Amino acid sequence: MANSIKLRAKASKGSVTVKALINHPMETGLRKDQKTGKLIPAHHIQEVVAKVGDKTVMEAVWGGAISTNPYLSFMFSGAKGDTLTLSWVDNTGASDSDSVEVS
Amino acid sequence: MNRRALLKSTLGASVITVAAAAGLLLPGRVLAAYPKEAFSAKDVSSAVSGALGAANPQQSDQIEIKAPDIAENGSVVPVTISTELSNVESISIFAESNGTPLVAVFNLSSADAFVSTRIKMGKTGNVVAVVKSGGKLYSNSKEVKVTIGGCGG
Numbered sequence: 000m001a002n003s004i005k006l007r008a009k010a011s012k013g014s015v016t017v018k019a020l021i022n023h024p025m026e027t028g029l030r031k032d033q034k035t036g037k038l039i040p041a042h043h044i045q046e047v048v049a050k051v052g053d054k055t056v057m058e059a060v061w062g063g064a065i066s067t068n069p070y071l072s073f074m075f076s077g078a079k080g081d082t083l084t085l086s087w088v089d090n091t092g093a094s095d096s097d098s099v100e101v102s
Numbered sequence: 000m001n002r003r004a005l006l007k008s009t010l011g012a013s014v015i016t017v018a019a020a021a022g023l024l025l026p027g028r029v030l031a032a033y034p035k036e037a038f039s040a041k042d043v044s045s046a047v048s049g050a051l052g053a054a055n056p057q058q059s060d061q062i063e064i065k066a067p068d069i070a071e072n073g074s075v076v077p078v079t080i081s082t083e084l085s086n087v088e089s090i091s092i093f094a095e096s097n098g099t100p101l102v103a104v105f106n107l108s109s110a111d112a113f114v115s116t117r118i119k120m121g122k123t124g125n126v127v128a129v130v131k132s133g134g135k136l137y138s139n140s141k142e143v144k145v146t147i148g149g150c151g152g
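Going down the list, the sequences are from chains S and U.
Note that the first sequence covers residues 0 to 102 in numbering that gives the first Met the number 0.
Note that the second sequence covers residues 0 to 152 in numbering that gives the first Met the number 0.
Because the hints were derived from the structure by calculation, they are not lab data.
You can trust all of the hints, since none of them are fake.
Think about it this way: if two alpha-carbon atoms lie no more than 25 Å apart in a straight line, the pair counts; the simulated DSS-like pairs of lysine-lysine are:
id : chain 1 : residue 1 : chain 2 : residue 2
1  : U       : Lys141    : S       : Lys18
2  : S       : Lys9      : S       : Lys50
3  : U       : Lys65     : U       : Lys144
4  : S       : Lys50     : U       : Lys35
5  : S       : Lys18     : S       : Lys5
6  : S       : Lys31     : U       : Lys41
7  : S       : Lys79     : S       : Lys18
8  : U       : Lys65     : S       : Lys9
9  : U       : Lys122    : U       : Lys141
10 : S       : Lys37     : U       : Lys35
11 : S       : Lys5      : S       : Lys54
12 : U       : Lys122    : S       : Lys31
13 : S       : Lys18     : S       : Lys50
14 : U       : Lys122    : S       : Lys37
15 : U       : Lys65     : S       : Lys18
16 : U       : Lys135    : U       : Lys65
17 : U       : Lys65     : S       : Lys5
18 : S       : Lys31     : U       : Lys35
19 : S       : Lys37     : U       : Lys41
20 : S       : Lys5      : S       : Lys50
21 : S       : Lys12     : S       : Lys50
22 : S       : Lys12     : U       : Lys65
Note that the structure is predicted; figures quoted are calculated from it, not measured.
Generate coordinates for the entire structure from the input sequences, incorporating the hints supplied.
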């Protein structure tokens, strides 16, 4: 699942605002398939980690109640030129990551 | 950043013990233990204690929740949480009326006290934000009216 993440990071007055959009179905496991009446198995992101170099700036654990194609925004103290890496792992073990230079 | 790191290390022992007991937030790596039980908890208070290792957060007006008063589509409810509290370790989001209220936990000990995302809400209810600051829990809530639920098929 390459390129599932759209990532932006912008520095302003010493703090960096990160905005990310991830392509992911985020199935809760509670929804029924309308044709078969069977439950659609859960498939959602469980862990999201943002790092600058080796330093973790943000970690999150998510449940299925985060919307489909999740949007995430957070801020940290950083500067222009830092390289931010965002990665996720879902409950099936699939994962992806993307990096962006802070502008 | 240095101040945060210092405060964090001085707080160290007690906080880590509590966090480790909850199977969450082990230093350096949250992710070794996904708090599955907290995510399947059926009410807010057990979800809070499962996710954050302590219950009964204190009400605080210093936590600001930005969410719509009325959400037409419960499957996409934008929620932004920020707080004036200092030394914030984590921000957690709960949707009170969902079958399993815990939505997400954001560990922000190295980031600013701000997070924004979009959540699903099954029906009208409170969005509860719980902030862990200096080892203590603070919470605030905001009611969001949902016209079309986002958890059913």
